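> For reference, the chains in residue letters:
There are 2 protein chains.
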Amino acid sequence: MQEFRKLEQRLAYQFRDEALLVEALTHRSAQSRNNERLEFLGDSALNFVIADELFRRCPQESEGNLSRLRASLVNRASLAEIARELQLGDYVRLGSGEIKSGGHRRESILADTLEAVIGAVYLDDGFDACRALIRELYRQRLEQLPAISELKDAKTRLQEYLQGQRQPLPAYRVLDVSGKAHDQQFTVECVVQEAGMKTEGQAGSRRQAEQQAAEAMLQLLGKLS
Amino acid sequence: MQEFRKLEQRLAYQFRDEALLVEALTHRSAQSRNNERLEFLGDSALNFVIADELFRRCPQESEGNLSRLRASLVNRASLAEIARELQLGDYVRLGSGEIKSGGHRRESILADTLEAVIGAVYLDDGFDACRALIRELYRQRLEQLPAISELKDAKTRLQEYLQGQRQPLPAYRVLDVSGKAHDQQFTVECVVQEAGMKTEGQAGSRRQAEQQAAEAMLQLLGKLS
Numbered sequence: 001m002q003e004f005r006k007l008e009q010r011l012a013y014q015f016r017d018e019a020l021l022v023e024a025l026t027h028r029s030a031q032s033r034n035n036e037r038l039e040f041l042g043d044s045a046l047n048f049v050i051a052d053e054l055f056r057r058c059p060q061e062s063e064g065n066l067s068r069l070r071a072s073l074v075n076r077a078s079l080a081e082i083a084r085e086l087q088l089g090d091y092v093r094l095g096s097g098e099i100k101s102g103g104h105r106r107e108s109i110l111a112d113t114l115e116a117v118i119g120a121v122y123l124d125d126g127f128d129a130c131r132a133l134i135r136e137l138y139r140q141r142l143e144q145l146p147a148i149s150e151l152k153d154a155k156t157r158l159q160e161y162l163q164g165q166r167q168p169l170p171a172y173r174v175l176d177v178s179g180k181a182h183d184q185q186f187t188v189e190c191v192v193q194e195a196g197m198k199t200e201g202q203a204g205s206r207r208q209a210e211q212q213a214a215e216a217m218l219q220l221l222g223k224l225s
Numbered sequence: 001m002q003e004f005r006k007l008e009q010r011l012a013y014q015f016r017d018e019a020l021l022v023e024a025l026t027h028r029s030a031q032s033r034n035n036e037r038l039e040f041l042g043d044s045a046l047n048f049v050i051a052d053e054l055f056r057r058c059p060q061e062s063e064g065n066l067s068r069l070r071a072s073l074v075n076r077a078s079l080a081e082i083a084r085e086l087q088l089g090d091y092v093r094l095g096s097g098e099i100k101s102g103g104h105r106r107e108s109i110l111a112d113t114l115e116a117v118i119g120a121v122y123l124d125d126g127f128d129a130c131r132a133l134i135r136e137l138y139r140q141r142l143e144q145l146p147a148i149s150e151l152k153d154a155k156t157r158l159q160e161y162l163q164g165q166r167q168p169l170p171a172y173r174v175l176d177v178s179g180k181a182h183d184q185q186f187t188v189e190c191v192v193q194e195a196g197m198k199t200e201g202q203a204g205s206r207r208q209a210e211q212q213a214a215e216a217m218l219q220l221l222g223k224l225s
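From first to last, the protein sequence lines are chains G and C. When we follow the numbering used here, the leftmost residue of the first sequence carries the number 1, and every step to the right adds one. When we follow the numbering used here, the leftmost residue of the second sequence carries the number 1, and every step to the right adds one.
It cannot be assumed that every hint is accurate.
[Unchecked claim] Covered stretches of chain G (chain C as the covering partner; in silico rule of three or more C-beta atoms under 8 angstroms from a C-beta of chain C):
| id | region |
| --- | --- |
| 1 | 27–40 |
| 2 | 62–70 |
| 3 | 98–110 |
| 4 | 193–206 |
| 5 | 214–221 |
[To be verified] Restricting the straight-line Cα-Cα distance to at most 30 angstroms, the calculated cross-link-like pairs of lysine-lysine (DSS-like) are:
| id | chain 1 | residue 1 | chain 2 | residue 2 |
| --- | --- | --- | --- | --- |
| 6 | G | 180 | G | 155 |
| 7 | C | 6 | C | 100 |
| 8 | C | 180 | C | 155 |
| 9 | G | 180 | C | 100 |
| 10 | G | 6 | G | 100 |
| 11 | G | 100 | C | 180 |
| 12 | C | 180 | G | 155 |
Since the hints were made in silico from the structure, they are not lab data. The structure displayed is predicted, hence computed values, not measured ones. C-beta: ideal position from N, C-alpha, C; glycine also.
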C-alpha cells in the first residue's frame, strides 16, 4: 500500500501480506487485535539473531560479556532509538487516550512496535528475511560495539534510571557477612526509598553483592513500570 | 566417533564437526574451553523456536499466556528432564571436584549442557537443523501443552523450589497500602529466612503484589544458584 511505502523503504523490506504489518503497528490501546503477540515473537527472534551475531563477532568473549553486550543492544532505549530512525512513531495506531498523551513518542511503545515489526517480517517471509532485517537495523551498532569496559553495570544503570525519574539515589547496606576469611559471603541490601522497595544480593564480594541487589532492583522496577 | 554414536542416535542428529559436540559437553569445571558460550547461543535459539511453535499452535492465546507456556517448557527442570531422557549425563565432561560431588546428575549442569548441544547443532548445520532438533526434543511436550489454568504461578513455583531445597516456606507480609479505596497500591514483602533474602512487590491487589514479590525472589534465587 501507498501508505506504507516509505516505511517499507526504510526497512528495506516489502511485505507480501500487509495485514501483518498493520497488526504489528497496532497498539493494544487501539483494538483487541493488536501487536502484543507479534512483539512476543519478534523479541525472541531479535534476542537470538543478536546472540548469534555477537557469538561470531566476539570469539574470545565470555558468555557473561556476550550477555552484557546483547543487553546493551536490545534494551528498550536502543530499540526506541532505532524505531525513531525509522520514524515508526508516525505509523503506530493508538487509541484516543494514548494519542492525546503523546503515545506515539513514548519509548516503550516505539520499542514494542519495532519488535512486533520484526515478528511480522518473520511470519511474512521466514527466518532468513527476519535475520537480514535485524542485521540491517543493527548494522552500525554491531560494527561499533561498545568496549566491554564501557558496558554499564547494574549499579550504574540503576542510578541513571533513578536520576531520569528525578528520584534520590539508592542506598546500599551490608546486612551480613558470613563464612571463613577465604570464603566469605556478603549479603547486601539495596533500598530505593521513594518507591518503598528493597532488594538483596548475595555474593563472595561486597561489590558483587551490591551489583546483584541493583540488578534485582532493576528487574523489580522494570516490572512495575 | 564411536563414542557419541548412541547419543547422536537419541538426538537424531549426526555432527559434521564433532569438536562442536565435545565443546558442548564440556563443563567449565573441566577446562577453560567449555560450553558456556554455546549455552548462551543455544538458550536463545531454544527460546525463539519455542516462541514460534507456541505462536502457531495457540493462535488465540495472549502474549502473557504464551510467555507462561514458554516458561513452563524451557525452565531448568524441563530441560534437565529432557537431558535425562537423552542420558546426557553420561557424556558430560566435568572437573574432578564436580565428578566427586555427583555433578553429572545435577539439574543445572544437565540443563545447561542440553542448551549447549542445541547451540552446537545450530553452528554445525544452521537454523533449520537446530529447529528440527528442538521440535523433536519437545515433540511430546508441545503436543500435550498444559492448560493455561494449570500453569504454575510464581508463588507456587517458589514454594516448590524451596521445598525441593528442604527449606522452610517463604513468608509474605503487607508492608504498605496506599491510595484511595478504588485505586489502592499494595506493597508486599517476601522473605526467605534461610537464605536471608527479601524482595518486594507492588500492585493493585495484595495477591498480585505477592506474585510480584515471589517472581522477584525466584529471579534472585536463580541468579545465586
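> Taking the hints in turn, state whether each one holds.
Comparing the hints with the structure gives:
1. With a threshold of 8 angstroms between beta carbons, the proposed coverage of the region 27–40 of chain G by chain C holds, since 4 of its residues qualify and at least three are required.
2. Counting residues of the region 62–70 of chain G whose C-beta sits closer than 8 angstroms to any C-beta of chain C gives 4, which meets the bar of three, so the coverage hint holds.
3. With 0 residues bearing a CB less than 8 angstroms from a CB of chain C, the region 98–110 of chain G misses the requirement of three and the coverage assertion fails.
4. Closer than 8 angstroms: that is the beta-carbon criterion, and the region 193–206 of chain G has 9 residues meeting it against chain C, so the requirement of 3 holds.
5. Coverage of the region 214–221 of chain G by chain C holds in this model, with 4 residues showing a Cβ closer than 8 angstroms to a Cβ of that chain against a need of three.
6. Straight-line distance between C-alpha atoms of residue 180 (chain G) and residue 155 (chain G) comes to about 27 angstroms, which keeps the hinted pair within the 30 angstroms bound.
7. A threshold of 30 angstroms between alpha carbons decides the hint, and for residue 6 (chain C) with residue 100 (chain C) the separation of about 25 angstroms falls inside it, so the pair holds.
8. Note on residue 180 (chain C) and residue 155 (chain C): the hinted pairing holds, with a Cα-Cα distance of about 27 angstroms set against a maximum of 30 angstroms.
9. With a C-alpha separation of about 23 angstroms, the suggested pairing of residue 180 (chain G) with residue 100 (chain C) holds against the 30 angstroms cut-off.
10. A hinted pair counts as satisfied when its Cα atoms are at most 30 angstroms apart, and residue 6 (chain G) with residue 100 (chain G) qualifies at roughly 25 angstroms.
11. Distance hint between residue 100 (chain G) and residue 180 (chain C) is fulfilled; the C-alpha atoms sit about 26 angstroms from each other, no more than 30 angstroms.
12. Among the hinted pairs, residue 180 (chain C) with residue 155 (chain G) is inconsistent with the structure: their alpha-carbon atoms are about 34 angstroms apart, more than 30 angstroms.
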